Amino acid sequence: MDRWGPVPLRSEPTRPWHTQPHVKKPLDEEQQATQIQAWWRGTLVRRTLLHAALCASIIQRWWRQVLRELPLLKQKRQLEAYTQQTWAAVKLQSWFRMWRVRLRYLRLLQATRIIQLYWRYHNCHTNGFLQGRYQLTENQLGLDLEIFLGSQICRITECIPFPIKH
Numbered sequence: 001m002d003r004w005g006p007v008p009l010r011s012e013p014t015r016p017w018h019t020q021p022h023v024k025k026p027l028d029e030e031q032q033a034t035q036i037q038a039w040w041r042g043t044l045v046r047r048t049l050l051h052a053a054l055c056a057s058i059i060q061r062w063w064r065q066v067l068r069e070l071p072l073l074k075q076k077r078q079l080e081a082y083t084q085q086t087w088a089a090v091k092l093q094s095w096f097r098m099w100r101v102r103l104r105y106l107r108l109l110q111a112t113r114i115i116q117l118y119w120r121y122h123n124c125h126t127n128g129f130l131q132g133r134y135q136l137t138e139n140q141l142g143l144d145l146e147i148f149l150g151s152q153i154c155r156i157t158e159c160i161p162f163p164i165k166h
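Oh and the sequence shown: position 88 is 88 in full-length UniProt numbering, straight run, nothing missing.
If you are wondering where the hints come from, they were derived from the structure by calculation, not from laboratory data. What you are looking at is a predicted structure, and each value in this text was computed from that prediction instead of being measured. Some hints could be false.
Said to hold, decoys possible - Pair by pair, the computed Cβ-Cβ distance ranges are:
no. : residue 1 : residue 2 : range
1   : LEU54     : GLU30     : 34 to 40 Å
2   : TRP119    : SER94     : 33 to 39 Å
3   : GLU29     : GLN60     : 44 to 50 Å
4   : THR86     : ARG64     : 32 to 38 Å
All residues carry an ideal CB built from backbone N, CA and C; glycine is no exception.
Please work from the sequences and hints to get the whole structure.
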């Protein structure tokens with residue numbers, strides 16, 4: 001005789017409890033309506049979340065574009081500032097050179113006036129005659145003088161260059 005007793009025979013093999021077939025109970029109308037409402041609320045929530053995710057993606061793309069453009073804008077501003085400073089320096093140097101050339105021109109003009117005054121005085125006292133003209137170009141002063149002293153004629157032609165450095 002067996003100590004445990006006879007083992008009953010089963011026609012179906014045993015399954016663990018979590019794999020047992022689930023038998024659904026028939027639902028009443030209120031439960032069915034609740035399930036439909038839950039499904040619809042889930043659909044609305046998923047749609048809202050998808051819309052929010054798309055909006056966040058658009059904002060992130062825009063922000064990344066802004067971050068990519070920031071160094072370029074900074075570089076452009078620095079280049080514009082450098083260009084403005086360079087042009088200001090060039091303009092200042094140009095004005096200074098112009099002032100120096102003008103100063104040199106005024107000195108030469110004053111010297112020419114002194115020479116003219118001297119020769120006019122000399123001409124008046126020696127019964128001579130002085131005739132001349134000058135031509136001013138951007139880099140030199142040309143003088144053509146003719147001095148008539150009785151029977152003698154003295155012609156002076158001078159080209160005085162301006163010391164302009166380029």
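Going through the hints against the structure:
{"no.": "1", "hint": "LEU54 / GLU30: 34 to 40 Å", "verdict": "holds, 36 Å"}
{"no.": "2", "hint": "TRP119 / SER94: 33 to 39 Å", "verdict": "holds, 37 Å"}
{"no.": "3", "hint": "GLU29 / GLN60: 44 to 50 Å", "verdict": "holds, 46 Å"}
{"no.": "4", "hint": "THR86 / ARG64: 32 to 38 Å", "verdict": "holds, 34 Å"}
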